[in-house]
Amino acid sequence: MIIKINVARFVLVTYLLTALLFWAGSASATDSYEVITNPAVTEKTLSKTPLRAIFGMRLQTWPDGTAIKVFVMPDDAPLHAAFSKEKLNVFPYQLRSAWDRLVFSGTGQAPETVTSQEEMLAKVASTPGAIGYLTKSRIDGRVNVLQIK
Amino acid sequence: MVLPAFLSTCPALADKTAEPPKPLQLPSLPQLPKLSEMPKLPQNLQIHGFFSQGWLKSTDNNNVFGNSSSASGSFDFREIGLNASMRPLTNLQFSAQMMSRTAGEGSPGNIRLDYGFIDYTYFTGEASKLGIRLGRMKTPLGLYNDTRDVAFTRPSILLPQSIYFDRTRKLALAADGVHLYGEYRSDLGDISFQAGVVRPLVLGSETEVALLGERGAALPGHFTPDGLFTSRVMYELDEGRIRLGFSASQLNMGYSPEYSPTPTDPKHGDFGAGSFRFTPLIFSAQYNAEKWSLTSEYAIRHLEYHDFTSPSVPGSATLDKQNFTGESYYFQGVYRFTPAWEAFARYDVLYTDRDDRSGKKWETVTKQPAYSRFAKDITVGLRWNLTPHFMLRAEYHHVNGTGWLSTLDNSPARGDPTPHQHWDLFSILGSYRF
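As they're listed, the protein sequences go chains A and B. Numbered per this note's numbering, the first sequence spans residues 7 to 155. Numbered per this note's numbering, the second sequence spans residues 17 to 450.
No lab work stands behind these hints: they were computed from the structure. A quick note: this is a predicted structure, and the numbers were derived from the prediction, not measured. Just so you know, even glycine gets a beta-carbon here, dropped at the ideal spot from N, CA and C. Just to be clear, a hint being listed does not mean it is correct.
Stated by the list, open to error - Take a look, some chain A residues computed to stay more than 12 Å from chain B by CB distance:
(1) Y39
(2) E40
(3) P45
(4) L65
(5) G71
(6) D82
(7) P98
(8) R107
(9) K142
(10) R148
(11) V151
As the list claims (entries may be wrong) - Have a look at the derived ranges for each label pair, beta carbon to beta carbon:
(12) A:T51 x B:L204: 31 to 41 Å
(13) A:K91 x B:S272: 26 to 36 Å
(14) A:A46 x B:P104: 15 to 25 Å
(15) B:E379 x A:E92: 52 to 62 Å
(16) B:P124 x A:S143: 51 to 61 Å
(17) B:F347 x A:G71: 28 to 38 Å
(18) A:K91 x B:A143: 22 to 32 Å
(19) A:E92 x B:T240: 36 to 46 Å
(20) B:L204 x A:A46: 25 to 35 Å
(21) B:H414 x A:A46: 57 to 67 Å
(22) A:S38 x B:G243: 25 to 35 Å
As the list claims (entries may be wrong) - Derived pair list, reagent style EDC-like, types lysine to aspartate or glutamate, alpha-carbon separation capped at 16 Å:
(23) A:K91 x B:E306
(24) A:K54 x B:E142
(25) A:K93 x B:D254
(26) A:K155 x B:E252
(27) A:K54 x B:E252
(28) A:K54 x B:D254
(29) A:K155 x B:D203
(30) A:K54 x B:D203
(31) B:K307 x A:D82
(32) A:K91 x B:E142
(33) A:K50 x B:E142
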């Protein structure tokens, strides 16, 4: 009897812990984020194909001729993984190999990696032509939100 | 001038007088600014580089990159590169890479310009791009040739040798001239192309042997590259989930021996002046999922000899009859257990002459081993990314045939033992990049 109760308790606690972990995990993964640009960028909406080309480092200028400056989080940052998969439909390793092919054949350049969301906000706010991504709650008036069609 | 200096000493004085004694503090070393606070590099200048060191151990006297069949194996495999790129204008980029590669007799490690060119984008829009490159560009061949010496961009320590031969690599590496490139992007995928008219850099002695035979290559003569036409078309869906490619190149090259053949003098060759036409075609396909990737490439290479006759030697056109077509393919699967660990397996096949896959005809004519005309390589390997900048790799090859073994590292003529048909190769490699 005692053993049974303990087993039941154990199962219940495990179940609750697992559920909690899942809840916490999914909560952080779906923490909504937006694509942001420097306020001087005139684009307000962008479709998926040019967005992918921008983060693939193959589209280098905005329609008005300004150079695009791409900022990303490190390859293993959860926000980078979520953004790559959901907005670009690619996996972080694919982006890295595409950038490596450009950098080591001389046919392109790599994006600039920032180490924190604070740095992402500061860099995008202060760099003309900048594009990046940021958790919604951290976005303020220093950057524009780019709607992805 | 004095005031700031005075002010800056004030806190120190105040510390001494007003505050209780602190634990002993070591004088702090001059600190570099954090990477993010470093002064901005001008004109979008970017600098990247890599350093790789490998160790190879093989069986049966079959040497790969140095004396790898010796008891201690070979450390004679090293790749070092440094590149810089800058974009002074939005449609203009300058790029150059210097590198040194050590890999057995064929690559002694001298520093050379790997690529160096000006890239001008003539037209760029949301959906398309058209541009031109001038200078020394990497030759677009298959999925891996453009960055073949950068370990991080390869699927394994050794690229599939059936297509990316290391022994006659010099011809395929890079070339001087002009490239046109363009791409068109849509929801149905991206199509891109590169096409160029270039002049190959050097042949390399292994290529000369491959073209003229060991005896022919030893005779004095001149190669005159008439030009290399090179092109690649790629289709990519979802930034590389599916990648399909077709590469076509054609190399035309003349050759004239220093001395015309004479029937009486054995020092002179038995062929006259002539020309080569080499036409490699490569079909590439890759599928990339989150955890795994499947890759396959198929290549067919036609080599044609023209002329090489000599009026002074009856029946002298010995090379003229040596036209042949080589064939290669491989299948490769990569599985990523975690972002840090991945494993791969590959089956890679080379036939030097597709009309003589077993090499038997070759053996009858030349008395050379039949197994030197093919290679079937089963490879398994592991990759461990310790950090985004440093990785370790290990792989094991079981090979039937010596078709792609370097004739410089395995030269019975120079006293090396004859390579065996069935052999194994184990290799580890560490690579750093930034």
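Checked hints:
With a least CB separation of 19 Å from chain B, Y39 (chain A) remains clear of the 12 Å interface cut-off, as annotated. Every CB of chain B lies more than 12 Å from the CB of E40 (chain A), the least distance being 20 Å, so the non-interface label holds. The claim that P45 (chain A) lies off the interface holds: its Cβ sits roughly 20 Å from the closest Cβ of chain B, which is beyond the 12 Å cut-off. Distance check for L65 (chain A) against chain B: the nearest CB is about 7 Å away, which does not clear 12 Å, and the non-interface claim fails.
With 12 Å as the threshold on Cβ separation, the claim that G71 (chain A) sits away from chain B is violated: the shortest Cβ distance comes to roughly 7 Å. With a least beta-carbon separation of about 6 Å from chain B, D82 (chain A) fails to lie farther than 12 Å from that chain, contradicting its non-interface assignment. Not every CB of chain B lies more than 12 Å from the CB of P98 (chain A), the least distance being 8 Å, so the non-interface label is violated. A beta-carbon of chain B comes within 12 Å of the beta-carbon of R107 (chain A); the shortest separation is about 6 Å.
Separation of K142 (chain A) from chain B is adequate, the least Cβ-Cβ distance of about 23 Å exceeding the 12 Å criterion. Taking the minimum C-beta to C-beta distance to chain B, about 17 Å, the non-interface status of R148 (chain A) holds against the 12 Å cut. At the 12 Å boundary, the C-beta of V151 (chain A) stays outside the reach of chain B, the nearest C-beta of that chain being 19 Å off. Separated by about 21 Å at the C-beta atoms, T51 (chain A) and L204 (chain B) break the suggested range of 31 to 41 Å.
In this structure the supplied range 26 to 36 Å is violated for K91 (chain A) paired with S272 (chain B), their Cβ-Cβ distance being about 59 Å. Between A46 (chain A) and P104 (chain B) the beta carbons are some 21 Å apart, a value that agrees with the proposed interval 15 to 25 Å. Distance hint check for E379 (chain B) and E92 (chain A): the Cβ-Cβ separation is about 59 Å, which falls inside the suggested range of 52 to 62 Å. Look at P124 (chain B) against S143 (chain A): about 58 Å separates their beta carbons, and that is inside 51 to 61 Å.
One distance hint, 28 to 38 Å for the beta-carbon pair F347 (chain B) and G71 (chain A), is violated here, with the actual separation near 46 Å. At about 23 Å, the CB distance of K91 (chain A) to A143 (chain B) agrees with the hint of 22 to 32 Å. Roughly 56 Å separates the CB atoms of E92 (chain A) and T240 (chain B), a value that falls outside the hinted 36 to 46 Å. Checking the proposed 25 to 35 Å range against L204 (chain B) and A46 (chain A) shows it holds: the Cβ atoms sit about 33 Å from each other.
The hinted window of 57 to 67 Å between H414 (chain B) and A46 (chain A) holds, with their beta carbons roughly 59 Å apart. Take S38 (chain A) and G243 (chain B): their Cβ atoms lie about 56 Å apart, and the range 25 to 35 Å is violated. A hinted pair counts as satisfied when its Cα atoms are at most 16 Å apart, and K91 (chain A) with E306 (chain B) qualifies at roughly 10 Å. Pair hint K54 (chain A) plus E142 (chain B) holds up; C-alpha atoms about 11 Å apart against a cutoff of 16 Å.
A distance of roughly 11 Å separates the Cα atoms of K93 (chain A) and D254 (chain B); the hinted pair therefore holds under the 16 Å criterion. Proposed proximity of K155 (chain A) and E252 (chain B) is contradicted: the alpha carbons are some 21 Å apart, above 16 Å. Distance hint between K54 (chain A) and E252 (chain B) is fulfilled; the C-alpha atoms sit about 15 Å from each other, no more than 16 Å. With a CA separation close to 10 Å, the supplied pair K54 (chain A) and D254 (chain B) stays within the 16 Å bound.
With a C-alpha separation of about 12 Å, the suggested pairing of K155 (chain A) with D203 (chain B) holds against the 16 Å cut-off. Between K54 (chain A) and D203 (chain B) the alpha-carbon distance is near 8 Å, which keeps this suggested pair within the 16 Å criterion. About 15 Å separates the Cα atoms of K307 (chain B) and D82 (chain A), which keeps this hinted pair within 16 Å; it holds. Taken as a hint, the K91 (chain A) and E142 (chain B) pair is broken in the structure, with Cα atoms around 21 Å apart against an allowance of 16 Å.
Under the criterion of a C-alpha separation no larger than 16 Å, the hint pairing K50 (chain A) with E142 (chain B) is consistent with the structure, at around 14 Å.
Hint compliance for this structure: hints 4, 5, 6, 7, 8, 12, 13, 17, 19, 22, 26, 32 are not met, and every other hint is.
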